[in-house]
Structure formats: structure tokens, C-alpha cells
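Number of protein chains: 2
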Amino acid sequence: MERTYVCDIEKSAETTLLVRGWVHKIHDLGAITFVHLRDKSGIVQLVFDKGLEESLRLEMCIEVQGEKVENEKAPGGVELSVRALKVLGKAYYDTLPFEINNHKVSAALETQLDHRSISLRRPKTRAVFKVQEEIVEAFRGYLKGLRFSEIHTPKLISSSTEGGSEMFTVNYFERRAFLAQSPQFYKQMMVGAGFERVFEIGAAYRAELHNTWRHLNEYISLDVEMGFIHDEFDLMDLEEGFMNYLFAHLNKACASELAMYDIRFPEGLPRIPRIPLSEVQDILLEKYGKKSPSGNIDAEGEILLSQYVKETYGSDFVFLTKYPAAKRPMYTMPDGTIPDMTKSFDLIYKGLEITTGGQRIHDYEMLKANIVKFGLNPEDFSFYVNSFKYGMPPHGGFAIGLERLTMKLLDLDNIREATLLPRDMKRLEP
Amino acid sequence: MERTYVCDIEKSAETTLLVRGWVHKIHDLGAITFVHLRDKSGIVQLVFDKGLEESLRLEMCIEVQGEKVENEKAPGGVELSVRALKVLGKAYYDTLPFEINNHKVSAALETQLDHRSISLRRPKTRAVFKVQEEIVEAFRGYLKGLRFSEIHTPKLISSSTEGGSEMFTVNYFERRAFLAQSPQFYKQMMVGAGFERVFEIGAAYRAELHNTWRHLNEYISLDVEMGFIHDEFDLMDLEEGFMNYLFAHLNKACASELAMYDIRFPEGLPRIPRIPLSEVQDILLEKYGKKSPSGNIDAEGEILLSQYVKETYGSDFVFLTKYPAAKRPMYTMPDGTIPDMTKSFDLIYKGLEITTGGQRIHDYEMLKANIVKFGLNPEDFSFYVNSFKYGMPPHGGFAIGLERLTMKLLDLDNIREATLLPRDMKRLEP
Numbered sequence: 043m044e045r046t047y048v049c050d051i052e053k054s055a056e057t058t059l060l061v062r063g064w065v066h067k068i069h070d071l072g073a074i075t076f077v078h079l080r081d082k083s084g085i086v087q088l089v090f091d092k093g094l095e096e097s098l099r100l101e102m103c104i105e106v107q108g109e110k111v112e113n114e115k116a117p118g119g120v121e122l123s124v125r126a127l128k129v130l131g132k133a134y135y136d137t138l139p140f141e142i143n144n145h146k147v148s149a150a151l152e153t154q155l156d157h158r159s160i161s162l163r164r165p166k167t168r169a170v171f172k173v174q175e176e177i178v179e180a181f182r183g184y185l186k187g188l189r190f191s192e193i194h195t196p197k198l199i200s201s202s203t204e205g206g207s208e209m210f211t212v213n214y215f216e217r218r219a220f221l222a223q224s225p226q227f228y229k230q231m232m233v234g235a236g237f238e239r240v241f242e243i244g245a246a247y248r249a250e251l252h253n254t255w256r257h258l259n260e261y262i263s264l265d266v267e268m269g270f271i272h273d274e275f276d277l278m279d280l281e282e283g284f285m286n287y288l289f290a291h292l293n294k295a296c297a298s299e300l301a302m303y304d305i306r307f308p309e310g311l312p313r314i315p316r317i318p319l320s321e322v323q324d325i326l327l328e329k330y331g332k333k334s335p336s337g338n339i340d341a342e343g344e345i346l347l348s349q350y351v352k353e354t355y356g357s358d359f360v361f362l363t364k365y366p367a368a369k370r371p372m373y374t375m376p377d378g379t380i381p382d383m384t385k386s387f388d389l390i391y392k393g394l395e396i397t398t399g400g401q402r403i404h405d406y407e408m409l410k411a412n413i414v415k416f417g418l419n420p421e422d423f424s425f426y427v428n429s430f431k432y433g434m435p436p437h438g439g440f441a442i443g444l445e446r447l448t449m450k451l452l453d454l455d456n457i458r459e460a461t462l463l464p465r466d467m468k469r470l471e472p
Numbered sequence: 043m044e045r046t047y048v049c050d051i052e053k054s055a056e057t058t059l060l061v062r063g064w065v066h067k068i069h070d071l072g073a074i075t076f077v078h079l080r081d082k083s084g085i086v087q088l089v090f091d092k093g094l095e096e097s098l099r100l101e102m103c104i105e106v107q108g109e110k111v112e113n114e115k116a117p118g119g120v121e122l123s124v125r126a127l128k129v130l131g132k133a134y135y136d137t138l139p140f141e142i143n144n145h146k147v148s149a150a151l152e153t154q155l156d157h158r159s160i161s162l163r164r165p166k167t168r169a170v171f172k173v174q175e176e177i178v179e180a181f182r183g184y185l186k187g188l189r190f191s192e193i194h195t196p197k198l199i200s201s202s203t204e205g206g207s208e209m210f211t212v213n214y215f216e217r218r219a220f221l222a223q224s225p226q227f228y229k230q231m232m233v234g235a236g237f238e239r240v241f242e243i244g245a246a247y248r249a250e251l252h253n254t255w256r257h258l259n260e261y262i263s264l265d266v267e268m269g270f271i272h273d274e275f276d277l278m279d280l281e282e283g284f285m286n287y288l289f290a291h292l293n294k295a296c297a298s299e300l301a302m303y304d305i306r307f308p309e310g311l312p313r314i315p316r317i318p319l320s321e322v323q324d325i326l327l328e329k330y331g332k333k334s335p336s337g338n339i340d341a342e343g344e345i346l347l348s349q350y351v352k353e354t355y356g357s358d359f360v361f362l363t364k365y366p367a368a369k370r371p372m373y374t375m376p377d378g379t380i381p382d383m384t385k386s387f388d389l390i391y392k393g394l395e396i397t398t399g400g401q402r403i404h405d406y407e408m409l410k411a412n413i414v415k416f417g418l419n420p421e422d423f424s425f426y427v428n429s430f431k432y433g434m435p436p437h438g439g440f441a442i443g444l445e446r447l448t449m450k451l452l453d454l455d456n457i458r459e460a461t462l463l464p465r466d467m468k469r470l471e472p
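In order, the protein sequence lines correspond to chains A and B.
Using the working numbering, the first residue of the first sequence is number 43, and each one after it goes up by one.
Using the working numbering, the first residue of the second sequence is number 43, and each one after it goes up by one.
Accuracy of the hints is not assured; some may be wrong.
It does not matter which identical chain is used: a pair holds within one copy or between any two.
[As the list claims (entries may be wrong)] Pairs of lysine-lysine, BS3-like flavour, derived with a Cα cap of 30 Å:
no.	residue 1	residue 2
1	172	186
2	186	450
3	132	369
4	431	172
5	294	186
6	369	352
7	431	166
8	410	128
9	53	294
10	67	186
11	186	53
12	132	186
13	468	431
14	110	53
15	410	67
16	431	132
17	415	128
No wet-lab data here; the hints were simulated from the structure.
Can you build the whole structure from these sequences, using the hints too?
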């Protein structure tokens, strides 16, 4: 007999069904026992007559054949009256690390992460990753529709991409290699290599020495790079289009998962305001008495700015534009009209930066000169710099941290909740 | 004016068009000059009257406005008579590293890889990655259609997954970490965590000390793991279904790219033969006088076997089944009927192994005992082993090397040709 997924039971035309899954709940009423069986797609109530259910323990894997019976008190309106039971995967524990069949989990986040393959069995916890999967699906679908190509670039690299120091080192045969902080150089090079428009969904590594609710040392970066742009506003248009596409997609693809979090996204977003950084700093000072660091705003500033933008423009998003050159990487395109400013931007969503982007320098001589201006040596990035000798189109791009975006969309408290198997300074397992 | 992609020129209703791209070829006839402009989507002929074309150099980036003129001698049957030219990206080279506008590339593969952003500008070279992108698309589309979830697992790990030694070490804060050889443990754990069916498209690392035409030190692994299987033949059914789906998808999605390589895939593949390893060894000995190593076949054996299977069954694929336990990892499910054999398989395509797979042990006590039997300590993988305590369904999976598959599908000579930016013992750049 073919297996029926729980979500298909109600619409199934069969009366005898075979289901498989985990024992989610056991409710012994003496003469009969109600058991909730959980599979990937949902939960169904099983009704056992006395005897058959005696071997059952929570979370063991079972296969059951039963008669479909309508019962409006059962979840989903149907239950299965069990005729045959087979244990597929035994349980060996003394006690479960924590309960996963209640509305709340009492265990601390660290305990849940220690037992990740248990905590994910809770439908509401696993739902995070259905939403995450659909964020990736939306990102890919949106960009493929605009003729972007998906690429895969190596994470083992020979030199720092950003001239930064926060890199993990790898023992690579007789040499030292690094783990890429981003596919920055490569995505630019692939634009120049004729792909014109590329995106990558891949790991990025930051050896940052802080262990906070919003940092991971390994994360998934949604990277975009686009050739033949006019300026950085083309990139903001692209990202704004993505956010609209994303919200509509998630409402459709993840309706039941979003419902678990009491979330439904607005569709047809209000235009995302685009405010130069210096203006933002003035607003924060005048309106909230908040002083900002030179050439940036801090975490508190991000929260206050989002509050201001929400009140003033009704938007959960805001683009900060025109960052000073000193605060951006050496490949960032100068603004051209405002001295020492760049064609770059950040995107802040509900008080948290989720994107950094900008137009890049595409002229070989200009790039070399800018690298020198930053006190760096063009020879140290020769494979990158030399690729600009052969006709590079005006281009730019941005990157979105997948876990950060997931966390903010679902209003989670900690980025680790939006990470299947997080890596931080203290955690390399599971 | 909106940009028109080259592939859309013919069907465009406009008479004046704006195109952007690279100068692919210049053919100076005195009074007029023919220029081939190349963009992501194709090549179009531009016709310049005397004067305007003087600044042009091969591979510079330009934008052109021109009148659409039918010319059956031009590629695609239309050309643009140029009215305005704008240089978007200057050329600074003395000579190009090699010619990319001829049918053949004269440069050695290593030279092409040194100048990857040039070699990829050649449409036939870049076509490899369109095919690769569509392999990934087919893999994802096929599996999502069967309720598989896409996951992302960390590549920074605390211990060897296979008990092997060929791992890269990473300096992780005060500790040592490794780069994952495969997501093996994690994909199994995610099956148990309730996803039931998962796949991952991600990097895998092998610190192998050989630099051959078929090895990479960083590659993309297409990983599958499936819960609630009956046995390893379910997995072969799944993979066979994928190959059929893949061939049909590539014929449709990559018709022009495949044509560049004179390839069209058969659809409705003959059933893939499934032959136990011991029988294969006998066949190789009897038919070709070829001796095989204990518990495996070697590279020459793979080629001879494919030849035999092609002649006997008309198949380019063959599954080798029933590998001995001593030659498979400690998590491999014993065959149960044949002593010391396992429920595992390899898939060979046109003389090259492209997949290893099998059913895994899902019982906690059996797994522990098997790890000890392999001379390993279950404590060293405790996060993995402990996850089997809580009801693990029968499961198994396989992995396909993306670059290997791409190489074989396009009949390329070297796996580096099927890798955007290859990593081997000697190459960390570009």
C-alpha cells in the first residue's frame, strides 16, 4: 500500500490508509488510546484499541494502517482507526531532552540547539526553515526571471577580498588559504566574464570576535551583481522589487507556517525611502537627540531610524545612501558629485541592517588608483585587478544575509533560531 | 531607450534599438566596418560607417543605437546600422591573453583558467555553466516535486564525518575545525529531525593529494537523503528518475548550448542495469581479462564495464550494488542476507563513477556497534550517534559531484573545464 502524507488524508478517496511518521503525543483513555502521529506535512489523530498501543513511546517512528473516520474534534476533522502497527525506528532514550509537543518549549535556546534534531521536530520550529527555503526560492525565482545566472564560486581563496583581517585561515597543502568573507571579487569578475547578471546562494565566513544575537561566523549570503547599470539606484530598484516579490511569494507559499507566527506580509509595499546618510544622522540628532558615529549609524540608530521611517512614510524598510568613501571598501564607486562620498547604500528592515550594496568601480586605472589610495597594493589582488583591463561594464550589487532576513521576517529574537546548525565562537556542534 | 538583448532583436517590433555588450570581432572593409557585438544572450552584427568605429578595440564594453536591417548573411538574419556609439568600459590591454572569437581556443587549459574572466567570454566556454546551472535546476525541481526540502548545513565542522584523514583544517578561534567532506551526518540528522526528505547543493572539500583530470579539492556536491525507504533500491529508483528528468530538462532548457557541443540527450532512458559488484568483477575478468582490486573496481574497470553495459543493455549508466562492508563507511546498512555485504551502490556513467549511495543504519544500538567494529569510538561522533536515540526512520541517500556530472554530460576532457573557478593542489587563484 502506498503511503499517504498527513496533509493528503482529508482529500484522499481511499478509506484504508497507510501513514508513517513520529509518535507526537499519547493520550491513554483506558479502553482506547489517542495518538498524534506527526509527519513532514502535519499531524493526524490515530485511535488505538486496547493492546496494540502498548509498545508506543513518544518520538518513535511508526507505520500505521487504519480506517479513515470523520471526527470533527480531531485535528483536521479526520482520524485513523488503527488496524495494523509497525515500528520503523525504535526509541532508546530515558527521557526526552525537552518536550516538543506543547505550544511552548521550556528549554533554553542553547539546549534546543544542542539537540537540534529534536527541537526541529516541533512543527513551529521547523516552519522557520520552510520559510527560509521559500525566501531562497523567491530570491532565485525573481532573479532568474530577470535573466540573472546562478553561479557557484569557491570559498577557499588565496587572499582577503576586502583587505580585512577577520578571516579564517585554512591549512591548504603547503600553503595558507582563507575562507571567503563574500564572493565579492568573483561575482564582479563573472559579470565581466559575460554572465552580465549573476547571483549566488552560498556560505560566507566571518572570524568576528563577537558572540551576539545577530552574528554568525558561518552564514548564507544571498549575493547579487548586475552589469550595465546606470547607477546605484538601479540596484535599489532591483532590491525593492525583490522585497515586493518576496512578500507576495511568502504569503502564498508559507501561509500555514506564517500563521504559526501570526504573520502576514503587506503586499504592494509603499515606496522604500532613500535617505542620504548625512540626512539620517541629522534626523536622529534632531528628533531623538541621538549622536551617530562618523560616517555611519549604530545599532540604536538603526532602530530609531526605522521608527522614524515607519511613522513618516509607513515603511518597514529604508535605504541609507551616500556613505563616505572612508567607510566603504576600496572597490566602491565614488559619488562623482559630492566629494568623498560613494554610490553605496544599506537597507535597514525593522531596525536591523540586512543589506550592504553599491555601484563598483569598473575602470581599471581608477580601481588601481583607489586601491593605492586605501593604502593597499594592487599586486595583492592582481587576478582581480587585471580582469578589469579587458572591458568591464558599469556594475554593482548587494548581499543579503539569509539568516538575518529570516529572523527579522519571523520576528525571532536570535539569529541562531533562523539557522539550521549555527556556528559561533563557542559552537561547532552539532 | 530600453536595452534590447541580442536574442530579442529579431522578434522586436522596434526599428531603432539600443544594445549593450562586448566587441567580439572587428572586420574593417574600408568604407564600412562590420563589428560583432556579444552580450549574455548572443551575437549581433553592427555596421559602422567610416569614422565612428575608430575607437573600437576588441572586448571593450559598448552601448550602441542602431537601425534594424534584415540581412540574411548576418548571424541571426538581422544586423544593426549604427547611429550612436558610447564606450561603457574601456580596454587597457596590450594584447589579449588569447583569442576568444574563433572556433577553437589555442591556449592551454591552464592559461585559460589563469584568465578565467576572459576564457568565459567565449560563448562555447560559458555555455558549460548554463548547462551546469540547468543541471542544478533540474535536481532541485525534480526533488522539490517529490516533497524534498532544500537545506543548508555548515561546512565548518568539529570532527571528521567519515573517519577519514583527507580533511582541510581551519584555525577556528582557539580551536581546530575541519572543512566538511560531505553533509553526510547532517543530512541524515535532518531526515530524523522531521524533514524526512532533504537535499543540499553545497561545497564539499577533499584534501586529496592527487592532481588529476577528475579530482577537485573543492567541489559542489548534490546531496540527497530520504527517509522511510524500504531499501537501497528505492534510492536507485529515485536517481534513475532524476536522470530521465535531467535529460529531458537539458534538451529543452539548453538546446542551443548542447548544439555547440553536438549533443542531444536520449529521452526515455533504457532501464539502468543493477549489477552486484562481485558479478561485475567476474564479468570484467571473463570478458576482458581484467583483474579488479578487492571489493571495488578501478578506473579502467569502470571504463570496461560501461563498454560492456552499453553493448549488452544499450545503457550509458550502470548501478554497481552490494559493496562489501569493509569498503564502505561505518554508517552503511549491512545487506542482512549476504554476510559482510552492504546495501550500497555506485552509479557509473560513461566510464566514470558519478555517485556513491546507500541505505544507512538507522538503529541506535546497531550504529554504535558498527562504529566500534570499525575501530572507531562512538564518543567521537556523539552529536551524531545520540540523535539516533529518538526514533530514526529507515533512510538512505546519495551524492552526485556536480562538476563530474557536467564534465561527462558535455564530454569534456578535464573536470576543471566544468568548474567556474577550480581549486586544486596548485590552484587557489583566480
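Structure-based check of each hint:
With identical chains, the CA atoms of residue 172 and residue 186 are at most 30 Å apart both within one copy (21 Å) and between copies (12 Å). Proximity of residue 186 and residue 450 under a CA criterion of 30 Å is satisfied in both settings, with 25 Å inside one chain copy and 26 Å between copies. Within a single copy, residue 132 and residue 369 get their C-alpha atoms only as close as 57 Å, which misses the 30 Å cut-off; across copies the closest is 28 Å, which meets it. Proximity of residue 431 to residue 172 under the C-alpha cut-off of 30 Å is restricted to the inter-copy arrangement: shortest distance 25 Å between copies versus 44 Å within a copy.
Both within a single protomer and between protomers do residue 294 and residue 186 lie at most 30 Å apart by alpha-carbon distance, with minima of 19 Å and 16 Å respectively. With identical chains, the CA atoms of residue 369 and residue 352 are at most 30 Å apart within one copy only, with a shortest distance of 27 Å there and 62 Å across copies. When the C-alpha separation of residue 431 and residue 166 is checked against a cutoff of 30 Å, the pair qualifies only between copies, where the shortest distance is 22 Å, while the shortest distance within a copy is 52 Å. For the identical chains of this complex, residue 410 and residue 128 are inter-copy neighbours only, at 23 Å across copies versus 69 Å inside a copy, given an alpha-carbon limit of 30 Å.
In the homo-oligomer, the alpha carbons of residue 53 and residue 294 lie at most 30 Å apart inside one protomer (20 Å), although the nearest pairing across protomers, at 34 Å, exceeds that limit. For the homomeric pair residue 67 and residue 186, the shortest alpha-carbon distance between copies (29 Å) is at most 30 Å, but the shortest distance inside one copy (43 Å) is not. In this homomeric assembly, residue 186 and residue 53 come within 30 Å of each other (Cα to Cα) only across copies, at 21 Å, whereas the closest approach inside a single copy is 34 Å. In the homo-oligomer, the alpha carbons of residue 132 and residue 186 lie at most 30 Å apart only across protomers (28 Å), although the nearest pairing inside one protomer, at 44 Å, exceeds that limit.
For a Cα distance limit of 30 Å, the shortest separation of residue 468 from residue 431 across copies, 25 Å, qualifies, whereas the shortest one inside one copy, 44 Å, does not. For the homomeric pair residue 110 and residue 53, the shortest alpha-carbon distance inside one copy (11 Å) is at most 30 Å, but the shortest distance between copies (56 Å) is not. In the homo-oligomer, the alpha carbons of residue 410 and residue 67 lie at most 30 Å apart only across protomers (28 Å), although the nearest pairing inside one protomer, at 65 Å, exceeds that limit. Only between protomers do residue 431 and residue 132 lie at most 30 Å apart by alpha-carbon distance; the minimum there is 8 Å, versus 63 Å within a single protomer.
For a Cα distance limit of 30 Å, the shortest separation of residue 415 from residue 128 across copies, 29 Å, qualifies, whereas the shortest one inside one copy, 71 Å, does not.
Every hint from the earlier list agrees with this structure, and none is contradicted.
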